[in-house]
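**Q** Sequence:
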Amino acid sequence: MNALTEQFASVAALGGPVVLLLIAISVVTLSVILYKFWQFWSSGVGRHSALRRAVAAWDAGDRALARRELKTSKSYLAPVIAMAFDAPDDRAADTRLEAEAETRFARLERGLRFLDAVAQLAPLLGLFGTVLGMIDAFQSLQDAGSQVDPSILAGGIWVALLTTAAGLAVAMPTALVLTWFEGRMEAERVLAERAISTARAPFGRLDAPSAARSSSGLSSVHA
1 MNALTEQFAS VAALGGPVVL LLIAISVVTL SVILYKFWQF WSSGVGRHSA
51 LRRAVAAWDA GDRALARREL KTSKSYLAPV IAMAFDAPDD RAADTRLEAE
101 AETRFARLER GLRFLDAVAQ LAPLLGLFGT VLGMIDAFQS LQDAGSQVDP
151 SILAGGIWVA LLTTAAGLAV AMPTALVLTW FEGRMEAERV LAERAISTAR
201 APFGRLDAPS AARSSSGLSS VHA
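So for the sequence shown, our numbering puts the first residue at 1; every next one is plus one.
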């Protein structure tokens, strides 16, 4: 514990409070990123094979197979598609289904605004620390008077630039991960919209066995 405290004290002495703030932000950001990965995995984001099979069966007219496949799905969208299978054919039901899907998307997107804020503000915090460091370096240079030592200015500058490097080190991976999360959610929205639309307006209106019986019945009548 004492060693950790000494390390933080040395970092604070070297880079100032801005670096300590960036370290704290990076710890919180890493925690949010790990939580979002766990949330995406536990919700079945990107794992919609059974749901796709259910929607395809429903579109083909095989309602029984569609419901069996949907029961095996671990996707967070499965309850919405189940509602779409059973909902009446009217605009109010469509609005309710869209709201249910958006509620689930909002839950998955919670925390992404924080990551976006970190990606934008971390470089600015680093730049702010650099400006403060440069001010301190020039003050030290002024205090030296006529006995100017270039090492005083050089040392102050590299310490000041350290905060900029720290800010970029926090912002760049955060922006990369945020881009992946946003791309994943965009794909999820497209999949949900297509699945709901197919469930609401399938090409196959009858169960496959029922359609086969109807066709055979019509053939016998014509015969």
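Derived from the structure by calculation, the hints contain no laboratory data. Quick reminder that beta carbons are idealized off the backbone N, C-alpha and C, glycines included. Hints are not guaranteed to be accurate.
[Stated by the list, open to error] Here are the simulated distance ranges between beta carbons:
#1 P79 <-> W180: 39 to 49 Å
#2 A165 <-> F203: 54 to 64 Å
#3 K71 <-> F37: 21 to 31 Å
#4 A92 <-> I23: 48 to 58 Å
#5 I157 <-> P17: 12 to 22 Å
#6 A92 <-> A60: 37 to 47 Å
#7 D116 <-> R67: 37 to 47 Å
#8 V27 <-> R52: 31 to 41 Å
#9 F37 <-> L168: 15 to 25 Å
#10 A201 <-> P79: 28 to 38 Å
#11 A56 <-> D116: 31 to 41 Å
#12 V28 <-> D136: 20 to 30 Å
#13 Q39 <-> R96: 21 to 31 Å
**Q** Look at each hint and say if it fits the structure.
**A** Here's how the hints hold up against the structure:
Hint check: P79 to W180, Cβ distance near 26 Å, so the stated range 39 to 49 Å is violated. Taken as a hint, the range 54 to 64 Å holds for the pair A165 and F203, whose Cβ atoms sit roughly 58 Å apart. For the pair K71 and F37, the supplied restraint of 21 to 31 Å holds, since their beta-carbon distance comes to about 27 Å. For the pair A92 and I23, the supplied restraint of 48 to 58 Å holds, since their beta-carbon distance comes to about 52 Å.
Checking the proposed 12 to 22 Å range against I157 and P17 shows it holds: the Cβ atoms sit about 19 Å from each other. Against the hinted window of 37 to 47 Å, the Cβ-Cβ separation of A92 and A60 comes to about 27 Å, which falls outside the hint. As the Cβ distance of D116 to R67 is approximately 40 Å, the hint placing it in 37 to 47 Å holds. For the pair V27 and R52, the beta carbons lie near 39 Å from each other, so the given range of 31 to 41 Å is met.
Restraint check, F37 to L168: a C-beta distance of roughly 23 Å satisfies the suggested window 15 to 25 Å. Look at A201 against P79: about 20 Å separates their beta carbons, and that is not inside 28 to 38 Å. Against the hinted window of 31 to 41 Å, the Cβ-Cβ separation of A56 and D116 comes to about 36 Å, which satisfies the hint. Checked against the hint of 20 to 30 Å, the pair V28 and D136 passes, with Cβ atoms roughly 27 Å apart.
For the pair Q39 and R96, the supplied restraint of 21 to 31 Å holds, since their beta-carbon distance comes to about 24 Å.
Of the numbered hints listed earlier, those contradicted by the structure are 1, 6, 10.
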